[in-house]
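Colleague: If you want the building blocks of each chain, they are given just below.
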Amino acid sequence: MIAMPLHKSVAIAAIAFALAAASTLTLNDYFVYVVTIGAIFATLAVAFDVLLGFTGYLSLAHGALYGLGAYACALLTSRYGLSFWVALPLCGALTGAAGALIALLAFRTRGLYFAVLTLGIGLIGHQLFLVLPNLTGGVGGFVGIPGPEQPGWLAVRATTYYALLALTLLLVTFICALLFVRSRLGAECLAVREDLTLAQALGIRVSSARLAAFTFSAVFAGLAGALFASISSFIAPESFTVLGTGFQLVALVVVGGMGTLWGPILGAALLTALPEGLRVAATLSLLAYGVLLLIFIIFAPQGIASLISRTARRIGGGGREP
Amino acid sequence: MKTFVTTLSLCLATGLFGAGPSIAQAQEIAIGDLHPITGPATFYGLPESRGIHLAAEQINAAGGVKVGATTYKIRIVTEDDQASPTVGVAALRKLMAADVRYIIGPLASGVAPALKPIIERSDKVTQLIDGSIADDLTNGKNIFRNQATVSGYNIAVVELFKARKFGSVAVMTDRFHAGFMGSQSKLMADLKGLGANVLGEEYYKLNDTDFSAALTNLKGKNPAVLLIRGYPAEGALITKQARQLGFTGQVVWEMVSPPSTVLKNIAASEMEGVFNCIPPTTEDYVKLGDAKAKALDAAYRAKFGEGPGELTGLSFDAVHILKAAFEKAGSIENAAVNKAMGELKLADVPALTTKYTAQPDGRLFDDKGQVDLRGVVSVWKGQGWEPMTNLSQ
Amino acid sequence: MLELLPQQLVNGLALGSTYALVALGLTLIFGVLLIPNFAHGEFYMLGAFITYALVAAGLNFWLAMLVSVVCIMAMGGLVDRLVFRPIETAPALSLMISALAASIILQQVATMIWGTEPRTIPAPLTGVIRTPFFAVTQLQLVVMASVAAAFGAVWLVLNRSRLGLAIRATAQNRDAAMLMGISMPQVRFATFAMGAALGAIAGALLGATFPIYPSMGVNPVLKAFVVLVLGGIGSLWGAIFGGLVLGVAEVLVAGYIASELQDIGAFAILVLVLLVRPQGLFGRAQVER
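If you read the sequences in order, they're chains H, R and G. With our numbering applied, the first sequence covers 56 to 377. With our numbering applied, the second sequence covers 92 to 484. With our numbering applied, the third sequence covers 3 to 291.
Next comes chain H alone, as it looks inside the complex:
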């Protein structure tokens, strides 16, 4: 993997952010919306990758965590009248706590059992959104969530403002994830992924490392959910299903590149924004998801990111490791 100095990575991310942000000033409302949704999914994908790519655990509960963040934000802002800016960190804290709880339970199991257990939790979560109509609005959805307040000095369209928020959240998530995976905990996570037994033998705090990774990804999934709820003004349980959101995340991260942080962003761009831009038929876009997922897992399990960095290295001169 390319290990670029931290400040350089952050600088590149900041430049990319600035370019994306500038583009939202000129694009029409529709494309701005596509950028917004793409950025929210990229945020989710980066958060998810911290768990899947860096510890090797496949969680199918993240669709429900994303939903938890969304419903928490809806409740806090519309029923308790909190400002979005107060609600946002609360939502992150709440999903983080829920994530930590799930992690404590789920890490008692491994491999398929872990996937099936988190699948069960994801399904229960989605069902709860449906059967608690007093809190969630049930199948009819949660109507009338106030949008994030726009500061008066920021004279842009509301849609652009939402896109800027989503891009900012993506940038913050990316930088936090970068710091996390480069920390001691991140290195320990990698050790867990490579060889659990060996990691234990080496005296690595396996449980705290993977607990931290799961909690981290839960916090940012919740933040993404909260932002999604606030800018959509309406949410319904079907946005948070295991089979929709949960599997989609797996596809984004695998196609983009597990274990790299910018890979999932690429994956999100490719698999959410592009089909939207092209308006592909539902059947075809799902088929493309499946085929891409299969091709990548068989021929390029490290995703587009590894293809790009391999090509870049070849062009940059015979396998030089920057």
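No lab work stands behind these hints, which were simulated from the structure alone. All values derive from a computational prediction rather than experimental measurement. Yeah, the Cβ is synthetic: ideal placement off N, Cα and C, and Gly gets one too. Honestly, I wouldn't trust all of these hints.
[Stated by the list, open to error] Cβ-Cβ distance ranges computed for the label pairs, FRET-style:
1. R/Gly231 x G/Pro8: 54 to 62 Å
2. G/Pro134 x H/Ile350: 56 to 64 Å
3. R/Glu211 x G/Pro88: 49 to 57 Å
4. H/Ile350 x R/Glu363: 30 to 38 Å
5. R/Ser483 x H/Leu137: 51 to 59 Å
6. H/Ala148 x G/Ala155: 37 to 45 Å
7. R/Asn313 x G/Trp157: 26 to 34 Å
8. R/Thr162 x H/Ala213: 31 to 39 Å
9. G/Leu61 x R/Thr162: 52 to 60 Å
Guided by the hints, dock chains R and G onto chain H, whose structure is given.
Modeller: Chains R and G alone, transformed into the frame defined by chain H:
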């Protein structure tokens, strides 16, 4: 790299496929057709979209829309919402960005409330809902609906209970259906008011296959009527399983259920005598010998090689309602058209294939932008539904 | 409510036997090859659709089911060849993801061929047997009987044939089995063919009871994973026992608590079992690669 690539690919997408038709050609009115053309709800959505295209084609061939001194042709811009809220919002944004100011749709009760806040905030778009039946979707300002509400469906159930004096009822409701869930308590209160004992309310969800536990409980209470509210595949299965468990009372459906779909899931003999309470479909009007419905049916078959869907008539009517509103307003500006929609009389739209009940003052829409479209009772005879003229026999 | 208990138990056993029928094929493939085959739901779905198409074309139901089973066996081998063999040595995570991909692809292909409108195979048997305490349909009895028959057939193959010996050897220790000269492609093909056949039988029989549509396999396969975890991965007995337990539990939750909670009940049981016994109710500690 990183986000940059995201932006790049997005810009690429914009460059290649974006831009789009920014302004309609002169003398054209663009009408957006927002329905699930692909995805799981296709077999309801596609016949709606086709109904819109058919109506526009016929109107254009007959000379178009006369607004003041100008004659406009209608141009239909079709967008696919895949019956998903997120895709639907993106599709709406795309229509609005292409300056499409009139939108017919959506079908799904999950999509409509997601669009509502965006449309309400905009003064450059008017929506006419032709599919979703959930309550509280219209505002009478720029959101109207020419489809019934679930409460409209329920009128037929109440009429049926009134005529037949059923003593008790048990209900199975699709809890994934926002419309049916939202109107359940009101309907139960109405039935109780008629002296019917509500013995049990059970819930299932779309794609469930086993209803035995709930049905065993309901059957144990021996109700006179089993009322099923949802979609036909589950409706057929519940009807079958109820009979297998020994339920012998009357089965009543409240669901849009094309006979072709019903017969793919249950034998005609097992359906004999089942009641259905929904507004009449194009097929029903044809059976009743209605000339306009027959003409629509024939034109649809000629163009698409198969019969119209359950909701085709509503979508077809929606285009004619917008045409009447343009002509009445003498303008294609949203503010004027919205006002004209509110004032439109039922008699102003002679082309309607659906039989609406006029408001007391003769208008088509009430103050909330909702038409009065009432369910009627049909009974299954032989291979399909027959509208019932006399409920009490 | 208690006088309904016999009927509810029969309902639960009938439901549970459908779960067991789907879970048998899944547990076979997992037990021998350690592949979490999410695409098993699509074997089930395609088995139902092929039977439907043949019955619609005028074939007798049982004959149509037989043809469909043979087709799906071939497809099982093909799916293994294209989806799992290329990554034979990859970690379990990759196998899981490629299984997900295969499942999505097969569903979408079916959507293109048949559309999404649900339909049901005309049932070969429509009779209902009524006793003073409960009613059960002939088709439900057939499903229960086929669970027993399928279990018997698989047991015979595994325990009374050379191929079965090779399969069991592979399940115990793949490397040792290969060293002993067991042909891995043969074992793989046989295992996939048997697993797929079980899926197709389930699809044909249940497709005569439930509506069929492209994503019909998703819920049963999720339930089958619950069954696997309850009964212990790779155990045929466990699949049947787990299926029946899950079916009865679901019906009792729906019948005596609330019908909305039927699904939550199933997955809550799963979560509870895994919390108490992370290796499943009857499972040994999971074999790690």
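Colleague: The structure should be examined with respect to each hint, and the outcome stated for every one.
Modeller: Structure-based check of all given hints:
no.: 1; hint: R/Gly231 x G/Pro8: 54 to 62 Å; result: 56 Å, holds
no.: 2; hint: G/Pro134 x H/Ile350: 56 to 64 Å; result: 60 Å, holds
no.: 3; hint: R/Glu211 x G/Pro88: 49 to 57 Å; result: 53 Å, holds
no.: 4; hint: H/Ile350 x R/Glu363: 30 to 38 Å; result: 52 Å, violated
no.: 5; hint: R/Ser483 x H/Leu137: 51 to 59 Å; result: 57 Å, holds
no.: 6; hint: H/Ala148 x G/Ala155: 37 to 45 Å; result: 55 Å, violated
no.: 7; hint: R/Asn313 x G/Trp157: 26 to 34 Å; result: 45 Å, violated
no.: 8; hint: R/Thr162 x H/Ala213: 31 to 39 Å; result: 37 Å, holds
no.: 9; hint: G/Leu61 x R/Thr162: 52 to 60 Å; result: 58 Å, holds
This entry does not satisfy hints 4, 6, 7, going by the numbered hints stated previously.
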